[in-house]
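> Using my numbering, the first residue of the sequence shown is number 23, and each one after it goes up by one.
These are calculated hints, taken from the structure and not from any lab test. Each hint should be verified, as a subset may be incorrect.
Cβ-Cβ distance ranges computed for the label pairs, FRET-style [said to hold, decoys possible]: (1) Leu-239 with Pro-87: 30 to 38 Å; (2) Trp-227 with Ile-59: 32 to 40 Å; (3) Pro-264 with Gly-62: 45 to 53 Å; (4) Gly-146 with Pro-264: 21 to 29 Å; (5) Val-72 with Pro-94: 24 to 32 Å; (6) Arg-278 with Ser-86: 53 to 61 Å; (7) Leu-76 with Asp-151: 28 to 36 Å; (8) Gly-65 with Leu-259: 27 to 35 Å.
Given the structure is predicted, the values throughout are model-derived calculations rather than measurements. The beta-carbon is built from N, C-alpha and C at its ideal position, and this holds for glycine as well.
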Amino acid sequence: MTDVPFEQQAAPATPHRLDLRTSTSRLRRSFHPGLWISWGVIGIVAAFAVVPWLFTGHDPVDGSPLERRQAPSLVHWLGTDELGRDLFARIVYGAVNTLSGAVVAVAVGLVVGTLLGVVAGSSGRRIDDAVMRLVDVLLAVPALLLSLSIIILLGFGTVNAAIAVGVASVASFARLARAEVVRVRRSDYVEAAFGSGGRFFAVLWRHVLPNSLNAVLALAALQFGSAILQISTLGFLGYGAPPPTPEWGLLIAEGRNYISTAWWLTTFPGLFVVAAVLSANRISLSLRGRSA
23 MTDVPFEQQA APATPHRLDL RTSTSRLRRS FHPGLWISWG VIGIVAAFAV
73 VPWLFTGHDP VDGSPLERRQ APSLVHWLGT DELGRDLFAR IVYGAVNTLS
123 GAVVAVAVGL VVGTLLGVVA GSSGRRIDDA VMRLVDVLLA VPALLLSLSI
173 IILLGFGTVN AAIAVGVASV ASFARLARAE VVRVRRSDYV EAAFGSGGRF
223 FAVLWRHVLP NSLNAVLALA ALQFGSAILQ ISTLGFLGYG APPPTPEWGL
273 LIAEGRNYIS TAWWLTTFPG LFVVAAVLSA NRISLSLRGR SA
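Please take these sequences and the hints and turn them into a complete structure.
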């Protein structure tokens with residue numbers, strides 16, 4: 023074995039170089055262009071709902087009959103509809119109806135479903151069986167059919183449609199919350215908390231719930247995209263916001279009669295729905311990966 027001259031020996035990596043390489047590799051692993059784009063899309067759509075007047079100066083309700091079904095141009099970026107109303111303005115102002123409905127739907131499903139799941143996972147066998155049989159019944163009914171049944175009882179409108187969509191998602195939240203509560207209750211630190219004299223509700227509040235909600239919140243992000251799609255579907259079927267209120271599903275429904283002569287009336291609202299749903303789903307996948 024020949025000795026390597028001292029001049030040719032590689033210099034040992036200094037701690038500074040190791041820290042720089044480690045931080046660089048972590049930065050590369052943490053940078054996901056698709057995730058950043060998804061957050062950007064959700065941010066833009068949320069800005070549409072909060073401050074729509076910053077994005078367009080056109081009125082979303084009143085239009086000019088002389089500008090009916092004009093193609094996209096510099097004046098009307100996404101064209102005009104059959105009444106001469108600016109389509110981009112109607113999409114921007116319609117974001118608040120679609121997003122608020124999705125938020126209400128997710129809130130209803132999250133609160134009611136998590137409550138049922140916690141009760142089922144932390145109670146005795148009889149209560150657990152009774153709650154889960156109710157959840158099974160809800161899961162046996164298709165979500166759209168259940169939403170239509172509820173909205174017929176409550177009446178039309180964005181809020182009622184949101185409540186109907188939220189009730190349809192209760193079963194998914196309840197099953198996941200119950201599974202997480204059962205898993206956490208069997209952990210060592212929860213057993214130790216009970217063994218050290220901790221009360222049931224105190225242990226449930228301090229230890230079980232905080233460690234059970236990560237997966238549930240990730241499901242809420244996924245349900246947000248699904249709620250946008252379902253709210254738009256109900257609006258397309260005529261169960262959402264009444265005309266002339268701008269709402270994404272209603273915009274698609276109003277433009278379907280002119281799809282051969284004014285393709286932009288259905289294409290652009292549909293693209294906004296697809297972009298919002300895909301972005302919410304991508305964010306949900308990242309949150310689920312962190313909670314795993």
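> All the hints need checking, so say for each whether the structure fits it.
To see whether the hints hold, each was checked on the structure:
Restraint check, Leu-239 to Pro-87: a C-beta distance of roughly 49 Å breaks the suggested window 30 to 38 Å. Between Trp-227 and Ile-59 the beta carbon distance is about 38 Å. The supplied range of 32 to 40 Å therefore holds. At about 32 Å, the CB distance of Pro-264 to Gly-62 disagrees with the hint of 45 to 53 Å. Between Gly-146 and Pro-264, the C-beta spacing of about 47 Å breaks the proposed range 21 to 29 Å.
Look at Val-72 against Pro-94: about 25 Å separates their beta carbons, and that is inside 24 to 32 Å. Roughly 23 Å separates the CB atoms of Arg-278 and Ser-86, a value that falls outside the hinted 53 to 61 Å. A beta carbon spacing of about 53 Å between Leu-76 and Asp-151 contradicts the range 28 to 36 Å that was offered as a hint. About 29 Å separates the C-beta atoms of Gly-65 and Leu-259, a value consistent with the hinted range of 27 to 35 Å.
Of the numbered hints stated above, those contradicted by the structure are hints 1, 3, 4, 6, 7, listed in ascending order.
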